[in-house]
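Undergrad: Heads up: the protein sequence lines correspond to chains A and B, in order. Last residue of the first sequence: 265 (full-length UniProt numbering), numbering continuous. Last residue of the second sequence: 283 (full-length UniProt numbering), numbering continuous.
For the record, the hints were derived by calculation from the structure and aren't laboratory data. Just so it is clear, the structure is predicted and the values come from calculations on it, not from any experiment.
Label pairs and their in silico Cβ distance ranges: (1) A:I77 <-> B:S190: 48 to 54 angstroms; (2) A:A247 <-> B:K97: 17 to 23 angstroms; (3) B:V78 <-> A:F43: 31 to 37 angstroms; (4) B:A20 <-> A:D44: 51 to 57 angstroms; (5) B:L141 <-> A:I11: 22 to 28 angstroms.
Note that beta-carbon positions come from the ideal geometry of N, C-alpha and C, so glycine has one too.
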Amino acid sequence: MNWIRKNIIMIVGMLVLFYMFIPVFVVIALSFNEPKSRLTYTFDKFTLDNWLHPCSGAEAMCPSVMVSLKIGLLSTIGATILGTLMAYALMRYRFRGKGVANLLLFLPMASPEVVMGSSLLTLFVSASFPLGFWTILIAHIMFCLSFVVVTVKARLAGMDPRLEQAAMDLYANEWQTFRRITLPLLAPGIASAALLSFSLSFDDFIVTNFNSGSTVTFPMFVWGSAQRGIPPQVNVIGAGVFLIALAIVVIGQIVGARKRKALAA
Amino acid sequence: MTNKKWVPYLLLAPGALWLAIFFLTPMFNLGATSLYDPSGSLETGYVMNGHVGNYVDALSEYWPQFLRSFIFAAIATVLALVIAYPLAYAIALKSGKWKNILLVLVIAPFFTSFLLRTLAWTAILGDNSSFVHFLQNIHILPEGGRILATPFAVVMGLTYNFLPFMTLPLFTSLEKVDPRLIEAAGDLYSKPFTGFRRVVLPLSMPGVVAGTLLTFIPASGDYINAQLLGGIKNTTMIGNVIDRAFLERGAYPTAAALSFVLMAAIVILVATYVKRAGTEELV
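Given only the sequences and the hints, what does the whole structure look like? Please build it.
TA: Pasting the structure below:
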C-alpha cells in the first residue's frame, strides 16, 4: 500500500502512457487480420498475407503511399532548409523586425488546419493554379516550416555561443564557423526537425484534402476507403511506419548517448 | 556578431516569403472570397460586391455547429490537461535515467497515422466490441446503448488525438521546476498536495497555457473525429460544415465566411485567454 502511495504519480503516468498506445496495438493487430467482409473492421482471423502482399487486394493504396513518400521527402527537404536558415538568423543576429518574423512563424501553428487549407484553396482557385501534387507540396512546406524553426531554435538555444566565438577568434570567417562548428553541433536538432516534418507531411489529411485536386495521398486513400470499407493492408502501412519511425528515434537516442559518453570519457 | 546588417534578412527571406505568399496572402483571399456575391459559382465566376450578408447567412444557419465545436474542444482540452499532467509530471520529475526513453514513448504512438488511430477507436468503441459489451454487462451502459456515433465518442477522440500537444509543453515547463523547491515546501510542513498546488502548479503555468492552446486550437477546427467517430446528428462540427461547403457544395462565399469567423473567433479567444493567464512567452 505504501509503495503504491509513494509511486502513485508514476503509476498514473504509466497508465496514461498505456492508454496512448491502445490504438497502436489495435492497428498492429488489425494488420494481421483477415476480415470476413469488406465492411467489417473487427478482428476475425489471423493471417500474414497483408504483410507478405501489401499491394494486392488494395490496388490504389500502394500508389498513394508512393505519392505521400515523395511529398513527405520533398517537403521535408524544403522546410528543413528554409527553417534552419530562419532559426539561425533569429537566434544569432540582432535586427529590426525580429518580432514580426516570430509572429509570422507563430501564426501557422495557431491556426486550425481547416482555415489554412481552405484559405490556400481560395488562393489557388483565384490564381487559376491547377490543384495537385505541387499544391500539396507547397502547403506541406508551409505548415512544416514553423515546427522546424521551433525545433532548431531549441537546439541553438542549448548551444554554447562561446564555441562559435572561439572559432571566430581563431580567424575563421562566418561561413567557416557555420560550416565547421555550428552545423555539426546543430545536426541532431536538424535531424529531429526533419523527422518531425516528414511525419507531419506524411500524416496530413485536412490541409491536403482542400488542395489535392485529384491527387491521392495515403491519408486521402484511408479517408476514402473509410466510406467504402477499409482494406486491412492500410494497417500494415500504419504499423510499418510506426516501427520504422520508432527504430530511427531509438537509434538516434543510442548514438546520442554514446557520443555523450565518449565526450565525457 | 557581425556588422553586415543584411545577413539575417537574407537568411530569413526565403522562409518568410514562403509564409507571406502561402499563409498570409491566402488569409486575405479568404476574406475577399467571403464577400463575393453568393449567386456565382466556380464555373461562372464570382462577382465581388462586398456581400456582408454571407456572414449573416453563415452564422444564422451554422451557429449550433460553431457552439458545439467550441464546447467539444473545451471539454477535450480540460480532459487532456487532467490526463497529461500526471504523465508529464512523472516523466519530468520522477523518471530519472528513464526520462529519454519515456519521452520517446510519449511521441511514438503518433508515428501511426492520425486517421488509422481514429479508425482503431471505431473498432474499440464499435457496437459489437468487447469493450462496449463489457460496459453493458456491468450496467454502465444500458442494454443496446452505444458509444460510437455519440458526442461522447467524438470528445474522447479529440482528447486522445491531441494528447502529445498537451504533454510536451507541460513536460518542458515541469522539467524546469527545481525539485528542491518541492522538498523545501515539505520541510516547511506543507502537505504534499498543498506543496503541489502552491509551488509546482504555479511554476508550470506557462506549460498549461501553451498546452491548452495547442490542444484547443486544432481540436476546435478538427473534423476527422466528428466524421469517423460521430453520428449523423449532434456531432457535426464546424470543420465538417466548412469542408462540405467548399468541396461538396462548392458554396465558396459562405464557406469562406465560416472559415474566416472560425479564425477570428480563435484569435479573440486566444488573445483573451493569454492576457488573463498572463504569459506571453509562447513562441
